[in-house]
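Taken in order, the sequence shown gives residues 1 to 186; the numbers are from this note's numbering.
I should point out that these hints are in silico values taken from the structure, not numbers from a laboratory. Heads up, some of the hints might be wrong.
[What the hints assert, rightly or not] Quick list of in silico lysine-lysine cross-link-like pairs, DSS-like style, CA-CA up to 27 Å:
(1) 116 <-> 35
(2) 116 <-> 180
(3) 180 <-> 35
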Amino acid sequence: MTQESGDAHISTETDKEDSKESPIRSKKKPKKNFKNFTITGITLLCVVAIDQITKSWAIQALSNHSEHVLGPIYFQLAFNSGAAFSIGTGSTALVVVIAVLVIGAIGALALNSSYKLQSFCYGLILGGAFGNLADRAFRNEHGSVIDFIYTSFWPTFNVADSAVTTGVVILIISLVINRKDTSESG
């Protein structure tokens with residue numbers, strides 16, 4: 001029993017539950033998600049900016065020739081109307097619809113992310129998706145994505161593709177490690 005303003009108050013289980021911060025009323029949980037979503041947003045913006053700058057450079061510098069960079073890596077301008085690895089070439093409308101759905105799903109995951117590394121990965125993936133979607137919408141009348149990094153052992157790609165691939169690989173590794181840590185501690 002506690003004394004508050006002269007009135008007797010008996011502690012109950014409800015009081016104990018109320019004293020814990022509810023996720024709905026908690027100021028920490030949304031702040032944490034906002035901080036993580038900020039990581040996603042900043043990463044997304046950086047990827048889109050770098051991607052679009054490098055594509056603009058590629059259009060200007062590589063229109064008539066390719067440049068050897070290092071070992072098997074060349075810069076060579078290409079236009080891809082399909083999805084990754086030129087899958088679905090000529091199906092631009094379908095590729096755009098799928099991209100928008102994927103962006104929505106990844107965006108929802110990013111809003112609820114509790115881990116900084118995963119938020120960063122969502123930013124890489126979303127930035128790459130937006131970068132390529134911007135090409136389809138604004139750069140080319142045929143809805144193609146600008147690719148310019150060529151290797152003899154991999155399809156031609158761009159910075160956006162690299163960001164998506166890196167984000168997915170790191171995200172999968174982090175999920176596997178987190179799952180392994182959770183199962184070992186439980």
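Cross-check of the supplied hints:
1. Simply put, residue 116 and residue 35 have alpha-carbon atoms about 8 Å apart, close enough for the 27 Å limit, and the pair holds.
2. Between residue 116 and residue 180 the alpha-carbon distance is near 18 Å, which keeps this suggested pair within the 27 Å criterion.
3. Restraint check for residue 180 and residue 35: the C-alpha separation of about 26 Å stays at or below 27 Å, so the hint holds.
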